[in-house]
Each structure stands twice: as structure tokens, then as C-alpha cells.
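In order, the protein sequences belong to chains A, B and C.
Residues in the first sequence are numbered consecutively from 1, following the working numbering.
Residues in the second sequence are numbered consecutively from 354, following the working numbering.
Residues in the third sequence are numbered consecutively from 707, following the working numbering.
Calculated from the structure, these hints are not laboratory results.
Just so you know, even glycine gets a beta-carbon here, dropped at the ideal spot from N, CA and C.
Take these hints with a grain of salt, some might be off.
Not everything, but these chain B residues come out facing chain A in the computed CB check (under 10 angstroms) [said to hold, decoys possible]:
{"id": "1", "residue": "MET361"}
{"id": "2", "residue": "GLY365"}
{"id": "3", "residue": "GLY501"}
{"id": "4", "residue": "GLY533"}
{"id": "5", "residue": "GLN546"}
{"id": "6", "residue": "ASN570"}
{"id": "7", "residue": "ASN598"}
{"id": "8", "residue": "ARG600"}
{"id": "9", "residue": "THR642"}
{"id": "10", "residue": "VAL643"}
{"id": "11", "residue": "THR647"}
{"id": "12", "residue": "TYR659"}
{"id": "13", "residue": "THR674"}
{"id": "14", "residue": "LEU684"}
{"id": "15", "residue": "VAL688"}
With a Cα cut of at most 27 angstroms, we get these calculated DSSO-like pairs of lysine-lysine [stated by the list, open to error]:
{"id": "16", "chain 1": "A", "residue 1": "LYS75", "chain 2": "A", "residue 2": "LYS17"}
{"id": "17", "chain 1": "C", "residue 1": "LYS905", "chain 2": "B", "residue 2": "LYS404"}
{"id": "18", "chain 1": "B", "residue 1": "LYS686", "chain 2": "C", "residue 2": "LYS1046"}
{"id": "19", "chain 1": "A", "residue 1": "LYS173", "chain 2": "A", "residue 2": "LYS199"}
{"id": "20", "chain 1": "C", "residue 1": "LYS723", "chain 2": "C", "residue 2": "LYS781"}
{"id": "21", "chain 1": "C", "residue 1": "LYS1039", "chain 2": "B", "residue 2": "LYS693"}
{"id": "22", "chain 1": "A", "residue 1": "LYS333", "chain 2": "C", "residue 2": "LYS1046"}
{"id": "23", "chain 1": "A", "residue 1": "LYS51", "chain 2": "A", "residue 2": "LYS68"}
{"id": "24", "chain 1": "A", "residue 1": "LYS199", "chain 2": "C", "residue 2": "LYS774"}
{"id": "25", "chain 1": "B", "residue 1": "LYS421", "chain 2": "B", "residue 2": "LYS404"}
{"id": "26", "chain 1": "A", "residue 1": "LYS333", "chain 2": "C", "residue 2": "LYS1039"}
{"id": "27", "chain 1": "B", "residue 1": "LYS428", "chain 2": "B", "residue 2": "LYS404"}
{"id": "28", "chain 1": "C", "residue 1": "LYS1046", "chain 2": "A", "residue 2": "LYS340"}
{"id": "29", "chain 1": "B", "residue 1": "LYS526", "chain 2": "B", "residue 2": "LYS370"}
{"id": "30", "chain 1": "B", "residue 1": "LYS552", "chain 2": "A", "residue 2": "LYS68"}
{"id": "31", "chain 1": "B", "residue 1": "LYS552", "chain 2": "A", "residue 2": "LYS17"}
{"id": "32", "chain 1": "C", "residue 1": "LYS781", "chain 2": "C", "residue 2": "LYS757"}
{"id": "33", "chain 1": "C", "residue 1": "LYS879", "chain 2": "C", "residue 2": "LYS723"}
{"id": "34", "chain 1": "C", "residue 1": "LYS757", "chain 2": "A", "residue 2": "LYS199"}
{"id": "35", "chain 1": "A", "residue 1": "LYS199", "chain 2": "C", "residue 2": "LYS723"}
{"id": "36", "chain 1": "C", "residue 1": "LYS1046", "chain 2": "B", "residue 2": "LYS693"}
{"id": "37", "chain 1": "C", "residue 1": "LYS905", "chain 2": "B", "residue 2": "LYS421"}
{"id": "38", "chain 1": "C", "residue 1": "LYS757", "chain 2": "A", "residue 2": "LYS298"}
{"id": "39", "chain 1": "B", "residue 1": "LYS693", "chain 2": "B", "residue 2": "LYS651"}
{"id": "40", "chain 1": "B", "residue 1": "LYS404", "chain 2": "C", "residue 2": "LYS1004"}
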Amino acid sequence: MTQSHSRMHRLGDIVAKLGGELLGAPDIEIRRLATLESAGPGDLSFLSSAKYLDRLRDTRASAVVLGKAQRAATKLPRILCDDPYVYYARAAQLLNPDERPAPGIHPQAVVEAGAQVPESVALGPFCHVGRGARLGERVVVGPGCVIGEDAQIGEDGRLGPSVTIYPRCVIGKRVLIHAGAVIGADGFGLAPQAGRWIKIPQTGRVVVGDDVEIGANTTIDRGALDDTVIEDGVKLDNQIQIGHNVRIGAHTAMAACAGVAGSTRIGQHCAIGGAARIMGHIEIADHVTVTATTFVTKSIRSPGTYTAVLPAEPGREWARTIAHLRGLERLSKRVGELEKGSKPSAKKRKRRK
Amino acid sequence: MTQSHSRMHRLGDIVAKLGGELLGAPDIEIRRLATLESAGPGDLSFLSSAKYLDRLRDTRASAVVLGKAQRAATKLPRILCDDPYVYYARAAQLLNPDERPAPGIHPQAVVEAGAQVPESVALGPFCHVGRGARLGERVVVGPGCVIGEDAQIGEDGRLGPSVTIYPRCVIGKRVLIHAGAVIGADGFGLAPQAGRWIKIPQTGRVVVGDDVEIGANTTIDRGALDDTVIEDGVKLDNQIQIGHNVRIGAHTAMAACAGVAGSTRIGQHCAIGGAARIMGHIEIADHVTVTATTFVTKSIRSPGTYTAVLPAEPGREWARTIAHLRGLERLSKRVGELEKGSKPSAKKRKRRK
Amino acid sequence: MTQSHSRMHRLGDIVAKLGGELLGAPDIEIRRLATLESAGPGDLSFLSSAKYLDRLRDTRASAVVLGKAQRAATKLPRILCDDPYVYYARAAQLLNPDERPAPGIHPQAVVEAGAQVPESVALGPFCHVGRGARLGERVVVGPGCVIGEDAQIGEDGRLGPSVTIYPRCVIGKRVLIHAGAVIGADGFGLAPQAGRWIKIPQTGRVVVGDDVEIGANTTIDRGALDDTVIEDGVKLDNQIQIGHNVRIGAHTAMAACAGVAGSTRIGQHCAIGGAARIMGHIEIADHVTVTATTFVTKSIRSPGTYTAVLPAEPGREWARTIAHLRGLERLSKRVGELEKGSKPSAKKRKRRK
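Let the sequences and hints guide you as you build the complete structure.
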């Protein structure tokens, strides 16, 4: 099969470690997690939503994780819990523990004088660690990474291949950064003068908190004067762009291709949808959801969901919608003319108020 | 001139290899292809659309490729064929054959024990090939690529510089991947619990079919449990983002900056425009065209073109459009009032039904 | 503090070098620049807009840069000038001069035979310079860059880590390219034939002028036949995508995540907002501003601002807007019915004309 070699676990051991109520034999062997559809013998599956109940009926999984309310939804061996999706996440972590490579500095890595690389670090080939850079205990750095002068990476950090950390940036503990991400390149700071652009040196840093995840090819610019800050527990998907001097509040998650322009502050516990864009120099409150592809142009002061999504339509329907949109001015005038012409109804309207 | 050194070909040789009807001397020497505007002696050009007929009149090309219907459109030496654009593609392949570097493993590449790298492979400097990875015959890997443990690349594959293939991903035959692409980084799998995000290990793979092209800095996430699948002949432009567990059907093409959220299935022979976005967990039928920048929010069951494009307007016009759009509720109420007031016409409407 | 170690300057020296009128003691020591809010002793700050006058009142900066009209806005030591933001840019350049690494070819870089790398060049570890490539005087290349065969980089150019320059591309003088940028990968050239895509070899180049800046993970495709051209002084932010055969006019700036499809020509001195998209095969005049996220679908012949921004709204309001938008056809018919019914007013309308 297509999966990594998980170790074998017994169902009873899983429940002992992760909790939940076990209905079924505790010695059932579980080798991996799988969706209801693709599961087979040796697989543990889960029901994340009642709409998949028919899949539950047909699954060949050896056991399933269910919400407490679904106790009678199957006769399969099952674990009942509060939140099957969270349980699945925990079980997946249990069955697929991080495989850390053996510690050591690869002979084809270059570590400059004055850099701190503890013995517990695994530094891949073709990495360059600049003067004064400091890596925490047990940091794992994939091949081809560049860690600039005086940059810091906290303990248990993991960098995928070809990640760039520019000088003086600070990465917290247990941060996971995927391939090709660029942390701390210059912000886009230009002053216009006589038709030309004068570059403004970007002298701030990027400061990333603990337990942050940063997706592949995501870019986070260093601050112009002050720092760009990504607080604890923030999760950034792939190809996200964070401008200079942005601050992203703790435990906010942003889906792929989202972008935040310079100096904007996003609150804590926000959820920013894929390809959403957020204007510069504004503030977003805590607990705000922005839907995918939406453009936020001004500050948002209250929690809630904000959107401006135009769903795709068949071409001909959309063409009519656009024509009507373009014709709104005329339509509005026609209504005005009618109102002038229909005096009685106009009077009636006034009387009602 | 600015072009690579094509070898010289005679017009007759080109027709012998690629077909078409030659009107003109077969011994005319052709050194390169060029647009009608920039062509000069020694260049073969082509007329892809009747709207460029005036450029044909002025071209200095030594010969041109034309559709059969354009036989009399010029007196230049010419090749008549069914589809000049396809002919141009074929001729360009003939005149610009792939230059494969000499095979061999660069002394500054690192190949881990148990990796299979055939003698016909050209592995560039600063590449890292993980344990158990398998490269097919004649694969060319540019400098700085990282090929993870147990990953596979089929025969005649070509990787530009700094490409990352994460562990266990499978790349088909004759696949071309441009610089900076990242195949198989973790999907964005998070379970929310008590205001924090729990990471869901991503244990699936990316499986890429044969004859696929993947653009620069494009990212394709590995599956959460099952695989992310890119079928044969798919063409992905630059900076595309493909979420976990997506399946893209054979021969579908996606232009730059498009994005597909997790678990969505796109059919075969689709054309997805630049910066188009496709919601997660939906299905797109075969032969669907999505226009550039459009956001597809729900499944599409029928072939055709789908769109929601808002074309740019001069700022003042757009401001009025937006104001009218915002005023639609009021306008609608005003029309309702008028209808109430104009009883006769309301009656008339009913009578007609 | 968080900033790089600027050298100490005296206020009088700064004015001597950059101009402006000094009100205050010329021997005040300035160590760095800072915003009004974060400044402390030893810092020079600036007032870029009258809306920050309250911050000026509270600042702890040792001196400030002000517009001439603000002469009396503070009693702090101050420099009066025409454009405080430009002055700040110049002062920042003065206080934070580029730190060029010591010249030399790192022993773990690979330079192929026939490449020209002057002694004044600093070539980082794990760089690969192809046959025939030519680097100008004082070029600085970060770790892990790949410079293809016959590519050129003009004098005083600077490449961040992991930049790829594909073969034969030409980069001008004093060009700054940030990490992960890819210059000269294949354009997206495909000819459809019988349900498959035939690749069109991309034989043009990318030609970049002088004084250009290119952001992290930005991609610029090589031309299909002719070149893709980025003229002098163009500034491109991160994650921008430039298609093949595009030409971007001198001194145009594009914010992050913007994209330009193939063969489009953008004029000089344009400002393209973040995530704006520009259709292929069109022309944009000089001095055009395109707002962030706007999609330009056809040529723009006159200077000015062009937009189609839909600002985010609270979800419920947007749902109503969309419903009304979808209902426009019906609303329009209702107005038509009213017009038919209200003959008198229709007559009146005619009489007025």
C-alpha cells in the first residue's frame, strides 16, 4: 500500500493512551489509519460527520472512531469519544511518530565560525549556517537550507529542504517549516521620487513564536524598522505572503495562497481562507473568519464571518449578471422616473411612515 | 540574436519529417523559428490566426507555415497544414531538441545507501538522493534538488534546479518539473481543539502520472491518508497550489497561480485559467473550462465554461457600480412600493399568466 | 533592540550628506532610524503624514525629519525637507549601508569551465555557475544559487539564497533578487492536438534591465520565441508571476502576488497592486494604477486608476447582496412591467425629452 510503515498498535493500547470508550476486543491489531472508503483489515478509521454514515456501513476497517452519539451506528469494534476528528489527529500522531534523522552535521554542510549547532541537531547536506546563528537542541534541518547570520531556531524545530532564514530572524520552539519557504527577505519598501523608486533598507526582523507551522514556498518579509511577528501556534499553509511589519495573532490559521499586506495586524484565533487577501495598515479582531478568495479592505472590529465571494456560474448566466450589473445605473433611473410618475403611490408611502 | 543555437534544417527535410504541403524550394535553409514580426532570413514563421494577416504581408521570414485555407495569402515559400500552431510546436521541437547533459553523478551530489541511480542519469551538484529513492533511466536532475527517501522518478524525467520531491512520492515517466517546485510537503491538516490546532500527520503520497509538466515554485501537497494524484498528461504552470488528496484528471491544463483546495477531483481535459481557485471537497466534470481568476465554489457536473470575472473599470465607474450594488436592497424595495401603488398594472400582470 | 548594528552618525553629518534644514544641535548622535512610536534616545524618526501628529507629540526620538510646513510641529531637534519619506529612505541607506561579504569563490561552489567570475565577486557555497555564464564586478551570490549556461549578471548585482537563473538569461546592473526567485523557466506554451498537449519549446530569454528588484519566490518565464523583458528600475515584490513574452515598462512597481499572463505589455511608471491579475495579449498604458486584487481583462489606453474590488462584508450582508445580484434579471423585468402599466408616466417621460 501507499502508506508509511506505521508500527503495530493494539486497540486497547490506543485507548489507554488517548482515552475514549472501547467497544470491542482490546487486542485487535491496528497498523495504520485510513478513510472509511479505503480502509481494510488492520486499519483504524473514523466517522467525522454524520453525512458519511453510508460509508461507515460499507467500510472494511478493523475498527472505527465514533462520536458518543453514534454508539449504535455500527457493530464494528469502535472507540467512542467527544470529537472523532481530534481523536483521529491524536491517533495519527501516535501511529506516525516523527522520524528524526540521526543527529550530526553533514560533512557537506557549512557552519560558519561562531554559529551554535548543538550535538543533538541534524543538519543536512548543502546547508549553510551563518556566523552567530544559533540552533536549539534537536533541531532538524533538511538539505539545502540557508540560515543567515545571527538567526535563531528554537529547540525541536524542523526545516524541510531549501528553506531560507534571512539574517537575525528568530524562530520559536517546535516550529515546522516546509520546503522553499523564505523567512525574512526584504519587505517591499520604496519611496517614490521623480518617477523612480528609492529602496528603503529593511532593518527589522521576522519573529516567529512557538508551535508555528509554515507551508511550502510561503514568504514572510522582515520588518522595515520594527519586526514582522507571527505569534505562537499560528498555522500558515503553502504560498502565503506576509508583508513587512504584519502581526498575526496566536493560533490563527491561514489557508494556502492567502496574502497580508504590510503593517496589518490580525487577531488571535482567526481563520483566513485560501487566496484571501488582506489590505495593508488595517486591523482584524480576534475570532474573525475570512472566506476563501475574499479581499478585506478595511479594519474588522467584531468577530464573525466576512466574505465577498462571487461563485462561478455557467458563462452565459454570468454574462447576463454582468450586463445587469452594468445596467444598474439605468435601472435605478427608470425606477426614479416611475416614482415621479406614480404620485399616488409616492403619497401613500409617505403617509405610512 | 537572442536564441539558442538551433541546428540548420532544410525546408524539405522539415516537411519530410512533419508532413504538410510545401510550396517553395525544399533546399531553403532554416535555422530557427520566429514570430512574423521578428523573423528574418533563415527563420521559419507561422500564421496562427487570420487576424495577423497584415504581419504576414510584412514578414521577412524565409518561409511560413499556414493553414490550408491560406494557400494564396502570401508568395513566400510556405508549408500548408491543418493546424499551423501544432505544426509550429512540432517544428520547434525538431529545431530545438532537448540538450541533455552528460550522464553521471556529480562529485558534489550525495546519494544515500540503497538509492538507485542508473548510469544514464545526470545528477547535478548539491543534489541529495535519499535512502531507497529510485531514479529511472536517463533522468536529468538539476543542481540543488532533493529527492526524499523511497521517492521514485520515472525514466526520462527532468528536474530543474532546487526541486524538492518529498519521501515516497512517485513521479511518472517523461515528467518535466521546473525550478523550486515542491512535491509532497504536508497537506494542511489540522484539527481544532480548545482554541489550538492539532497537527494531523500527512501519511499519503503524491503520485504523478506520465508526461506531466509542473511549473516553477508550484506546490503539490501529499495526501492526508490516501494519495494526491496528478494523472497522465496534466500540465501545471507556475505557482500553482494543489491541496492534499486532490485528483487532477488526465490532460487537464492549469495556468499559473491557480489553486485547488483539498480533496477536490477535477476531471480530464479541463482547462483551468490563471489564478482560478477551486474549493475543496467538490467535483469538476471532464471538459470543463474555468476562466482566469474565477472561484468555483461547488461541484460542476456538465462540460462548459464557468466564470465569475469582474473586469477592471476606471475607478470612478467602478465606484458607481459598487454604490448601485450596495443600493440594490433599497432599489428592490422601491420597486415593490411602486408595484403596490400601481394596482392596475399588477392586475394586468396576473391576467396575463 | 531588534535592529542591525548601524554605525553612529551625527545629525549635522546627515544633513551635510542628504540636505535639509537642521533645527537643533548638529552633534546629536544618531544610531538608527525608528518609527515615532518605537523610537528612543539615539533614534532619528520621521513624520510621513499629518495624521501621525499625535505620535510626534509623544515620541522619544532624539530627532525627527519633517516636511517644511511642519516646522513648528515639535520642539525636538529636527530636519526640515521637501519629502520626509524620501529623506527617511535616504537616511536609512546612509545608516544601513549594504554589507557585502568578502569577495571570493566559496570552495564548495562549482564554477564550470568558461564561466567568468571576476575576483571581486562573492560566490556563496553550493552555487553552480554554468558554462559560459558571466558575472559582473562585485556581484554577490548567496548560497545555493544556480546560474545557467551563458547567463549574465551585471555588475553590483545581488542574489539571495537559492535563486535560479536559467540559461542565457540576462540580468542588468545593480539588480537585487531575493531568495527562491526563478528567472527563465519555460513559459506555459502548449498546442492542443487530439486531446493532448504538445509542448512548445521556449527558446526566448528573460532580459532584466538595471536597478531592478525581484522578490522572494517570484517567477519570470522565458520567452517562447522572443524575450520576456523587464525594463530598468522595475520593482517586483514577492510571489509575482510574469508569463512569457511579457514586457514591463521602466520604473513600474508590482506588489506581491500580482500576475501577468503571456505577451502582455505594461507601460512605464505603472503601479500594480497586490494580487492584481493582468490578462495575456493586452497592453497597459504608462502611468496606470491597478488596485489590489483587480483583474484587468482588456487593454488600458489612458493613465488613471482601474479597479474592480469587492470589499469583504459581514457574511449575512453579502448573502443579501448576492441574492439581489442574482435577482437582477427579475427586478429588471418587474420594472419593465411597471413601465408598461404606468402609461401616463411613460408619456410624461417622453414629453420631457
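Exercise. Sort out whether LYS404(B) lies within 27 angstroms of LYS905(C), counting only the CA atoms.
Key: holds (24 angstroms)
Quiz item: For the pair supplied as a hint, LYS173(A) and LYS199(A), is the alpha-carbon distance within the 27 angstroms limit?
Solution: violated (33 angstroms)
Quiz item: If you draw a straight line from the CA of LYS421(B) to the CA of LYS404(B), is it 27 angstroms or shorter?
Solution: holds (16 angstroms)
Quiz item: When you check the alpha-carbon spacing of LYS686(B) and LYS1046(C), does it fall within 27 angstroms?
Solution: holds (19 angstroms)
Quiz item: Should the hint that TYR659(B) touches chain A count as held when the rule is a Cβ pair under 10 angstroms?
Solution: holds (4 angstroms)
Quiz item: Does the alpha-carbon distance linking LYS199(A) and LYS774(C) stay inside the 27 angstroms limit?
Solution: OK: LYS199(A) and LYS774(C) at ~23 angstroms, within 27 angstroms.
Quiz item: CA of LYS757(C) to CA of LYS199(A), is that 27 angstroms or under?
Solution: holds (24 angstroms)
Quiz item: Is the shortest C-beta separation between GLN546(B) and chain A less than 10 angstroms?
Solution: holds (5 angstroms)
Quiz item: Hey, LYS51(A) versus LYS68(A), does the alpha-carbon distance stay inside 27 angstroms?
Solution: Roughly 16 angstroms separates the two Cα atoms, so the pair holds.
Practice problem: Using 10 angstroms as the Cβ threshold, decide whether MET361(B) counts as touching chain A. | Solution: violated (40 angstroms)
Quiz item: Under the criterion that the straight-line Cα-Cα distance not exceed 27 angstroms, is the pair LYS333(A), LYS1046(C) satisfied?
Solution: holds (16 angstroms)
Quiz item: Keeping to a limit of 27 angstroms between CA atoms, is the pair of LYS552(B) and LYS68(A) held or broken?
Solution: holds (23 angstroms)
Going through the hint list in order, the structure does not satisfy hints 1, 2, 8, 19, 39.
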